[in-house]
Amino acid sequence: MTARDHRVSRPGSSRREFLMVGASTVAAPALARAATESPRAAPTDPRAPVAMTLDINGHDQRVALDARTTLLDALREHLGLTGVKKGCDHGQCGACTVLLGDRRVLSCLTLAASAQGRPVTTIEGLAKPDGELHPMQQAFIDQDAFQCGYCTPGQILSAVACINEGYAGNDGDIREYMSGNLCRCAAYPNIVSAIKQAKRTMATAATGSGQ
Amino acid sequence: MQPFAFERPATPAAAVRAVAAARGSSALASPAQYLAGGTTLLDLMKLDVMRPQTVVDINGLGEGALGRIEATPAGLRLGALVRMADAAEHPAVGRDCPMIAQSLKLAASQQIRNMASLGGNVLQRTRCTYFRDVSYAACNKRSPGSGCAAMDGFNRDHAVLGTSERCIATYPGDFAQALIALDARVEIMGAGGTRTIPFATLHRRPGDTPELETTLRPGDMIAGFQVTLAPWMRRSLYLKVRDRESYEFALASAAVALDIRAGQVADARIALGGVATVPWRAKEAEAALRGRPIDDPTLDAAAKAAFAPARTHADNAFKVSLGQRTLIRALREAAATQI
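So the protein sequences, as listed, match chains Y and H. The first sequence begins at 1 in our numbering and counts up one residue at a time. The second sequence begins at 212 in our numbering and counts up one residue at a time.
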């Protein structure tokens, strides 16, 4: 799902839309200015926007951002992908977890500029285009693996990586390798159950499609 | 966060030139800083503790030796841009020296291990609250000469070994304990070329200059670590004791390796974490083990020797007994390991 899709599908989020319109109005001339400068000119003024291309959920996004912008803020504030959450903003809670390539990372401690050249997957990119949920998303619903839901996008992306890394063999491994995602509602037992369910469905799906 | 110029050099040499050109008074005070995983640097920049004017992103330089692990019968070479998770999961690392793999696996979370580089990890800065929070005026490490709020503050997490009158901040890392125990060497690329130094000389005790932390010169970039291994180092482990079972810094930890022949300790390597201002090699404890069997009196003597120089403060006296018991348990478990 792109930022534009997100706006269309969520007409009710007026405050967010207002903020996004404001942001894009500012960003457009900044992008135009950056595009006319040579790549080596940017460092002379540290406040000049850095033009960059980010590969987000399979789509290239061209943006010009202050070099200080984290991947988290780029996703939320500039690309409208608010599924990724800002919890502590210091690498202690895991709410901002996204996939960079096939690896789970903390988007709050990753500069957007450093993420260039590697595909980023957010929670918005996990479901199929027709809306069918990823097995991990479905498992979190089936197993009641959240209460307030704030940590859930990070939990789900981390859980997908946890299975792909091969660390979902038993409850102890799941708890250890999911320890970077805190849940203030303490839905941990159900999160473990969801990961076990999704591990089975992901394996079935992979076998079924001949992979 | 203060504004900074962002650079992505194409080669390691260009990266060194970019940082060396900033002519900092010390590696840490330099206005240009290397960015690898970012898990320490960006955190401290958000807190306004570090304020570089230029950030040199070296994440694109991992194609060559900087990003490789080389395993030979003699030992390991670990490139500085290898991520903690990759080193932790490397089959030769886990097989030939479990202490290294465990020190990495027991650190941080999988997200952070995926991000953090080995070179950056050993340079991870202290978690001392008074260092990290700029609203405390007194921090000799952050503002030289300003005093130390931890001395009379809440110092439960602080160090008991290697402290000075100026600073008692704990070195927070785990991997460094394995490196110092194994007599690792550090490859450094600098403005004057490449050199190799003992890992034990990389970190400085705080002394009168807690702001310096390492012997790195401005522009220096860690390129890799060399570890010479002996077959007996398969009998090694890293034991970490902390307030919660996962994703937490050590209150006390021990990296130990034992060479046991005919029931007696022929050689031993011991390093301690969570209790010292720098990666801490406990050679006195090693000496107390040599030539003796692993029994209660020997273990007790080694633990006492390790903490003989300890200096405690109001809230951290428990670290002496916790550290001793952590070391004894680690040595017992290592001795019981079949290799």
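Because the hints were derived from the structure by calculation, they are not lab data. A virtual CB, placed ideally from N, CA and C, is assigned to each residue, including glycine. Heads up, some of the hints might be wrong.
[As the list claims (entries may be wrong)] Sample of chain Y residues lacking proximity to chain H, with all beta carbon distances greater than 10 angstroms (derived):
id, residue
1, D89
2, R103
3, K128
4, D142
5, F146
6, S158
7, D171
8, E176
9, G180
10, P189
11, T207
[Claimed, not checked] To spell it out: a stretch of chain H is covered by chain Y in this simulated footprint if at least three of its residues, at any positions, have a beta carbon under 8 angstroms from a beta carbon of chain Y; those stretches are:
id, stretch
12, 316–324
13, 470–478
**Report entry** List of violated hint numbers, smallest to largest
**Finding:** 1, 2, 6, 8, 9 and 13
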